[in-house]
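J.: So the sequence lines, in the order shown, correspond to chains D and Y.
Here my numbering is used: position 288 in the first sequence is 551, and no number is missing along the way.
Here my numbering is used: position 128 in the second sequence is 147, and no number is missing along the way.
Worth flagging that the hints you see were computed from the coordinates, not collected in a lab.
No false leads were slipped in.
Quick list of in silico lysine-lysine cross-link-like pairs, PhoX-like style, CA-CA up to 25 Å: (1) Y/Lys83 <-> Y/Lys209; (2) D/Lys551 <-> D/Lys570; (3) D/Lys335 <-> D/Lys349; (4) Y/Lys209 <-> D/Lys349; (5) D/Lys636 <-> D/Lys570; (6) D/Lys349 <-> Y/Lys206.
Chain Y is nowhere near these chain D residues, computed Cβ spacing over 12 Å in every case: (7) Gly278; (8) Glu279; (9) Ala307; (10) Gly347; (11) Leu441; (12) Ala455.
Rough simulated footprint, nothing fancy, chain D against chain Y, three-plus residues with beta-carbon under 8 Å: (13) 110 to 119; (14) 150 to 156; (15) 172 to 180; (16) 209 to 221.
Ideal Cβ positions, reconstructed from N, Cα and C, are used throughout, including at glycine.
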Amino acid sequence: MIGTSTQAYIASVAGESTVHCRGLWVLPHLNAVERELAGFSWPAGESLEIDCSGMESMDTAGAWLLYRTRHKLEQAGKTLTLMGLKAEYSALMGMIEARGTEVSVVTLSSPGWLEQLGANFFAHMGQVTSMLAFVGEAAMAALRLLANPGRIRLRPLLYNIQESGFKAMPIVGLLSFLMGVVVSYQGAEQLARYGASIFVADLVGLSMLREMAPLLTAIIVAGRSGSAFTAQIGTMKVTEEIDAMRTIGIAPMDFLVLPKVFALMIAVPLLTVYADVAGVLGGMVMAKSQLGIGFWEFLDRFDDAVKLSSYLVGIAKALMFATIIGVVGCFQGFQVSGSADSVGQQTTVSVVQAIFLVIVVDAIFSVLFSWLKI
Amino acid sequence: MVSEAIVEVRNICTRFGTAVVHENVSLSVLRGETFALAGGSGCGKSTLLREIIALQAPVSGSIKVFGQEVLGLDDEAALPLRRRWGVMFERGALFSSLTVLENVGLPLREHTDLEDGLIDEIAALKIALAGLPPSAGAKFPNELSGGMRKRAALARALALEPELVFLDEPTAGLDPLSASGFDQLVKNLKESLGLTIMMVTHDLDLLWQVADRVAVLGENRVLGIGTMDELAQAEHPIIREYFYGTRGRAAREQTWKQK
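So that you can see chain D by itself, here it is in the shape it has in the complex:
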C-alpha cells in the first residue's frame, strides 16, 4: 500500500491528510514511539491533521515527542493541526508549547588537548605557589605560637598525637618487625656464603635505623593520618565550617593545621624509635633461626656497628617527614572545592604527594649525609 502506514503508535490511511496517534505515549514506551516516528512516512499534503483521540495516555516525555515532531514538520513547511486531545492532556501540551522554545540542551564544551595541557600546567604551577604560600603562612603561625606558648591548644594536640601516633603503633610495629625479618633473611644467605654471618647485625641495624624505619613509618602515617587530615579539613570546607571558624575569629591555621602538624612532629619520631626496636627485633629473631646467632651475640655486634649518629639521622629524617605529611595533608584539605568528589580527589593527591615528597627528601638526605660523611 503506497502512502499508507499503520503502526502501533501512529497510523495514516492512503490519500487522507489525517494522522492518527494512538496507544500509550508514556516514558516506558517512548523508545518504541520514537522509533516509529523516525520510520513513519508522513502524508504528502501541505496541511495535516494530527488526531490524538486514540491516545490512551500521554506524559511529559510523550508530549515533548509530539511537540518536537510537530515543530520539525512545521519547519519543513507543513501546517499541522492538533485535534482530539483529551482535556487532561491539553493542559500539559499547552505547558510544553509555552516552554518548548526555551528548551535547549546546553552541555559543557570540553576543551581541546592543547588548551587542556595549558590549563593543567597553570593549575599545577598555581598549586606550587599556593603550597609555598601555605608553608609560609603555617611557619609564621608556628613562630607566633612558639613565641607565645600559652596559646598552644593542648587538647587537639594531644588528641592528634593519640590518633596519629598511639593508634598507629600496632601496624607500625608489625610492619617494621616483618621488614626486619625480610632484611635479615635476604642478607643471611649472602653473608653466610662469605662466612660473615655476624655482619647481619650491621646490615639490619644500619638499614633499619637509617632508612627503613623512618621511611616505613612515614608511609604508614601518610596513608593513615595525612589522608584523614585532608578528608576532615576538606569536608569542613564543603560544609562551610572553615568559613564559620574564620567568622568567629578563630584562625583555622591555629585551630586545625598547627595542632596536626605539631602532633605529627612529636608522634612520628617516637613511632620511628618504636619501629627501630621492632625492626631490629625482627632481624634478631631471623638471625637466630637462620644463622644461629644468639641474641647477646647480635646485640654485642650491633653496639659496635651502629653509631649514635645513625640513630639520630633516622630520627631527624622522621621529623622532616612528619612536617611534610602534616603540611601536605592540611594543604590539600584546603584545596577542596565544593563537591564530595573533590574531597576524594584531594585525599588521593594528598597521600600520593606526601609519599612522593617523603621519598624525594629521603634521597636528598642520603646525598647530603654522604657529603657530610655522617
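Got chain D; can you put chain Y on it based on the hints?
T.: Structure of chain Y alone, referenced to chain D:
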C-alpha cells in the same frame, strides 16, 4: 475528584532509643490532592516522610503507597514503587560531580532505554518546566543559588514522570520572592501534570496557597487534619499557636486579601 488513597499511613509508632517520635500516627493522601505535613521543628514530619519513601522503618504500623505495603521492602523490591514517585530532598541532594542536565537525565539513563539525545532533550524540558534557564543545565550544583538548586532538584524528581511527588521543605531557605515563585510552580505543575503532591513544610504561605489538606503533627501524634480553613477553627492550643502567632496571621490575611 476520585477519592482513592494513594498514601495510607496506619498506626505508625516510631522511637529513637527511648525518645518517642510518633505514637499511632494515621493519615491518608488522596489521588490528585496536595497534602501537607505541618508542625513545629522536631515533631517528626521529615521522619514520617522518610518512612513513607522507604528510607527508614518505624517500630510498628503499616504504610501503603499505591495500595502496596512499603514497610519491610528491600531496595530491590522497592524499586518498582520508587520509579512511580519522585522525591525532592530538603537540601536538593543533587549529585555534586554531575551537571544539572546530567543530574536530571540520570534516572532516565538508569531506568529507560532511550537514546542519549532524547534523554538530554527530556532533561532539558524538565529543567525548563522547573523554571530554570537552559544555561543552568551545564552548571554544577555548587554553582547554583539555593533557589535554583531547589528547582533543579524538583526537575530531577519529575524525571521519571512520577504520579506522586514528595517535597521535603520545598521553600525552606528561600527568599520570599523565590518562595512564592515556587508556590506558583508547584501549583502549575500539579495542575498540568496531574500530580499528587505530599510535602513537608512549615511555610505558612505555602500551606495557605498550595495545600488542599494539611495534617498538623505535634505531641507525637496527628493533632488535626483538614483544609486550612478547617484547621483555623481548631481548638487545640498548638494548632492555634501555629496559625494565630504573628507570622500565621500575616499569611492568613494575605490569603484573605487575595480571595
